[in-house]
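Protein sequence lines, in the order shown, are assigned to chains A, B and C. The first sequence begins at 1 in the numbering used here and counts up by one. The second sequence begins at 119 in the numbering used here and counts up by one. The third sequence begins at 453 in the numbering used here and counts up by one.
Misleading hints may appear alongside valid ones.
[Stated by the list, open to error] Derived SDA-like pairs (lysine to any residue); straight-line CA-CA distance at most 25 Å:
#, chain 1, residue 1, chain 2, residue 2
1, A, LYS112, C, LYS586
2, B, LYS193, A, MET27
3, B, LYS430, A, LEU115
4, B, LYS193, A, LYS112
5, B, LYS193, C, TYR614
6, C, LYS586, A, VAL18
7, B, LYS430, C, VAL472
8, B, LYS262, B, PHE360
9, C, LYS586, A, ILE46
10, B, LYS183, B, LEU229
11, A, LYS111, B, ALA189
12, B, LYS183, A, LYS111
13, B, LYS183, A, PHE60
14, A, LYS38, B, LYS430
15, B, LYS179, A, ALA17
16, A, LYS111, B, PHE360
17, A, LYS112, C, VAL459
18, B, LYS193, C, LEU604
19, B, LYS193, A, LEU28
20, C, LYS586, C, LEU604
Calculated from the structure, these hints are not laboratory results.
Residues per chain, in single letters:
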Amino acid sequence: MLQDYLPLFVILVVGFAVALIAVLLGMLFGPRRPTPRKAAPYESGIVPYGPGRRRMSIRFYLVAVLFILFDVEVVFVIFWAAAARQLGWLGFLAMLVFLIVLEVAHVYAWKKGALEWD
Amino acid sequence: MDAGLFWEWVIKSLIIVLMLTAGFAYATLYERRVIARIQVRIGPNRAGPFGLLQPVADGIKLIFKEELTPAGADKVLFFLAPIITVLPSLVITAVVPWGDTVVIGGRVIRLYLTDINVGILYILAVASISVYGIVLAGWASNNKYALLGGLRSTAQMISYELALGLSFVGPILLAGSLSLMDIINAQKHLWFVVLQPAAFLLYFLASLAEVNRAPFDMPEAEQELTAGYHAEYSGMKFALFFMAEYIKMIAVAMIGASLFLGGFMGPFVDRFPWLGPVYLFLKVAVWLFVMIWLRATLPRIRYDRLMQLGWKVMFPLGLLNAVVTAFVVVLVGG
Amino acid sequence: MSALQWVFIIASLITVGAAVMMVASHRMMHAALWLAVALLGVAVIFVTLEASFFAVVQLLVYIGAILILIVFAIMLTQRSTEAGSRLNSLAWGAAGVAGVIWTALTYVFIRWVVSGTPMQELGASFDDVVLLGKALVDAEGFAVPFEVASVLLLAALIGAVYIAFERKGEGS
Numbered sequence: 001m002l003q004d005y006l007p008l009f010v011i012l013v014v015g016f017a018v019a020l021i022a023v024l025l026g027m028l029f030g031p032r033r034p035t036p037r038k039a040a041p042y043e044s045g046i047v048p049y050g051p052g053r054r055r056m057s058i059r060f061y062l063v064a065v066l067f068i069l070f071d072v073e074v075v076f077v078i079f080w081a082a083a084a085r086q087l088g089w090l091g092f093l094a095m096l097v098f099l100i101v102l103e104v105a106h107v108y109a110w111k112k113g114a115l116e117w118d
Numbered sequence: 119m120d121a122g123l124f125w126e127w128v129i130k131s132l133i134i135v136l137m138l139t140a141g142f143a144y145a146t147l148y149e150r151r152v153i154a155r156i157q158v159r160i161g162p163n164r165a166g167p168f169g170l171l172q173p174v175a176d177g178i179k180l181i182f183k184e185e186l187t188p189a190g191a192d193k194v195l196f197f198l199a200p201i202i203t204v205l206p207s208l209v210i211t212a213v214v215p216w217g218d219t220v221v222i223g224g225r226v227i228r229l230y231l232t233d234i235n236v237g238i239l240y241i242l243a244v245a246s247i248s249v250y251g252i253v254l255a256g257w258a259s260n261n262k263y264a265l266l267g268g269l270r271s272t273a274q275m276i277s278y279e280l281a282l283g284l285s286f287v288g289p290i291l292l293a294g295s296l297s298l299m300d301i302i303n304a305q306k307h308l309w310f311v312v313l314q315p316a317a318f319l320l321y322f323l324a325s326l327a328e329v330n331r332a333p334f335d336m337p338e339a340e341q342e343l344t345a346g347y348h349a350e351y352s353g354m355k356f357a358l359f360f361m362a363e364y365i366k367m368i369a370v371a372m373i374g375a376s377l378f379l380g381g382f383m384g385p386f387v388d389r390f391p392w393l394g395p396v397y398l399f400l401k402v403a404v405w406l407f408v409m410i411w412l413r414a415t416l417p418r419i420r421y422d423r424l425m426q427l428g429w430k431v432m433f434p435l436g437l438l439n440a441v442v443t444a445f446v447v448v449l450v451g452g
Numbered sequence: 453m454s455a456l457q458w459v460f461i462i463a464s465l466i467t468v469g470a471a472v473m474m475v476a477s478h479r480m481m482h483a484a485l486w487l488a489v490a491l492l493g494v495a496v497i498f499v500t501l502e503a504s505f506f507a508v509v510q511l512l513v514y515i516g517a518i519l520i521l522i523v524f525a526i527m528l529t530q531r532s533t534e535a536g537s538r539l540n541s542l543a544w545g546a547a548g549v550a551g552v553i554w555t556a557l558t559y560v561f562i563r564w565v566v567s568g569t570p571m572q573e574l575g576a577s578f579d580d581v582v583l584l585g586k587a588l589v590d591a592e593g594f595a596v597p598f599e600v601a602s603v604l605l606l607a608a609l610i611g612a613v614y615i616a617f618e619r620k621g622e623g624s
């Protein structure tokens, strides 16, 4: 089984090397004449104001939390789908209960307005 | 472990990575020419015959461009972000077969890098990792528009990843395996797009959102975000973001073709295994054409609508499709 | 040594090294990235144990979801860009406690009978996907924990939504 996975490490190394070479090529051949104006944040020609990294909206955080929960659900579903035929009705019912409980969670988030984006 | 096998892997990896890079170069030309035709223009046709050398000219230009690092940037992450972005797009197709086996010089060569028993989960996992480069690029740039673009992009990608994962469930249920080779072999007689039209549609839309293509190209809305997460990037580092986007398009087309359109399967592929890569290439070319066509036709979707579509329509539909398909599969098979 | 052992040793070194870098890193965002490398190393160790399902779940759930949440959380904090203070006054005490716990755990594991049992080679036809699927829905297997997991996820969601919305109400 390790034989099936070793090629993935090989392509990871090859891909990393190609990406690194591309970046280094640009650094090698490109000119380098930095000025304070060039290094200022680009804001369409307007003089930059305020900090570049402001705190983001809690919305994004909430989306990430919802994603974790439903990602676990999706992983279970995919993994069960591969064996669904062998598992038969028992497996189907077990998964149905699991999905219904999580659908309650989904509907709860929906009704609470967690899926709205204002 | 014999050394021949190791070098076979290295050569195949190089072929995949270089083919994807070449594919990226010509996908940009393909897109520019097709969009030009749709808009009744001609498109780039000066560099070489039919403009075929245009990508080369673009590449050389980008290599000789000055690269800027913004003053407030996190230098390490600013350097790493383009590499982290492009790497997942290069390795994601490692589990997608290009064909069956061929014999070269008495050695049986499989026309794919590897076929792992959790291939589809691998694809989903690598897709979820590709979020990092974008969020880090936005954060490291110290530019409020880049940060907002990166955040929007991340939230969009993780939301549609759920629908993407659920769209895989249909083909998995029908094939009873997570390996892409098994799924393609199960489509020998009938493509899964016929049996799973809903899953196909879900996959198509979710994959558009996943690779930030029109009409879901919110993170790069130039009118409001000046370009999005790569606003501060120039030269080859910018080229890597560009490369990641187009390679992801190709990867999405390859994966979609394998899951729903029979992958490398086609007439006479049993007798002439070399036809496999040709069929796959043709399917990918058609898929890319549709993506480009959509970009030329559809306006961009507003961000709140985009998120609502993902969470309120596509995710429940994906679940419904999975349950109904499972019911039928268990009914027929059990 | 076999290729398997080499992969294991390299992956372990990378995991431990990344974990040390994560703790030693002064910038929170860099620490998060080192954590990603450490989790990746753990995924490779799962592969060497022939647990492919756990390897991809490690990638998908830990790196692809939970760490994204951590990155978002860092962005939510006010001082995300500043380098943190070098050392907390309690750092050496904490290091001492961690060292004692580590020594104790290592002692327990060395003495544990299971660790002396040689690993068995799994057959070529071994399919962990189907076996795990069966164990998951079998009443004598993990059917109950599996269903309880869905309730746990439901509770986590309700908590997250409640916290996010209460804060919002007070703020505006």
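| message | Hinted pair, alpha-carbon criterion (25 Å max): LYS193 of chain B, LEU28 of chain A. Please report holds or violated. | response | holds, 17 Å
| Does the structure keep LYS193 of chain B and LEU604 of chain C at a Cα separation of 25 Å or less? | violated, 41 Å
| query | If you draw a straight line from the CA of LYS111 of chain A to the CA of PHE360 of chain B, is it 25 Å or shorter? | reply | Roughly 39 Å separates the two Cα atoms, so the pair is violated.
| said: Just to be careful, I want the Cα atoms of LYS586 of chain C and VAL18 of chain A compared with a cutoff of 25 Å; is the pair within it? | reply: Violated - the C-alpha atoms of VAL18 of chain A and LYS586 of chain C are around 42 Å apart, more than 25 Å.
| field | LYS111 of chain A paired with ALA189 of chain B [C-alpha distance capped at 25 Å] | value | Given pair LYS111 of chain A, ALA189 of chain B is violated - Cα atoms ~45 Å apart, limit 25 Å.
| request: Given the hint that LYS183 of chain B pairs with LYS111 of chain A, test it: the Cα-Cα distance must not exceed 25 Å. | output: Distance of about 51 Å is beyond 25 Å: violated.
| Given the proposed pairing of LYS38 of chain A with LYS430 of chain B, does the C-alpha separation stay at or below 25 Å? | Violated - the C-alpha atoms of LYS430 of chain B and LYS38 of chain A are around 44 Å apart, more than 25 Å.
| request: Decide if the proposed pair is consistent with the structure: LYS262 of chain B and PHE360 of chain B, CA atoms, cutoff 25 Å inclusive. | output: Satisfied, since the Cα-Cα distance of roughly 21 Å is no more than 25 Å.
| Given hint VAL472 of chain C paired with LYS430 of chain B - CA-CA distance at most 25 Å | Not OK: LYS430 of chain B and VAL472 of chain C at ~42 Å, beyond 25 Å, violated.
| task | Compare the distance between the alpha carbons of LYS112 of chain A and VAL459 of chain C with 25 Å, and conclude whether the hinted pair is satisfied. | result | violated, 48 Å
| said: Tell me if the straight-line CA distance from LYS183 of chain B to LEU229 of chain B falls inside 25 Å. | reply: violated, 38 Å
| said: LYS193 of chain B and TYR614 of chain C were given as a pair; does the straight-line alpha-carbon distance stay at or below 25 Å? | reply: violated, 38 Å
The structure is inconsistent with the numbered hints 1, 4, 5, 6, 7, 9, 10, 11, 12, 13, 14, 16, 17, 18, although it conforms to all the rest.
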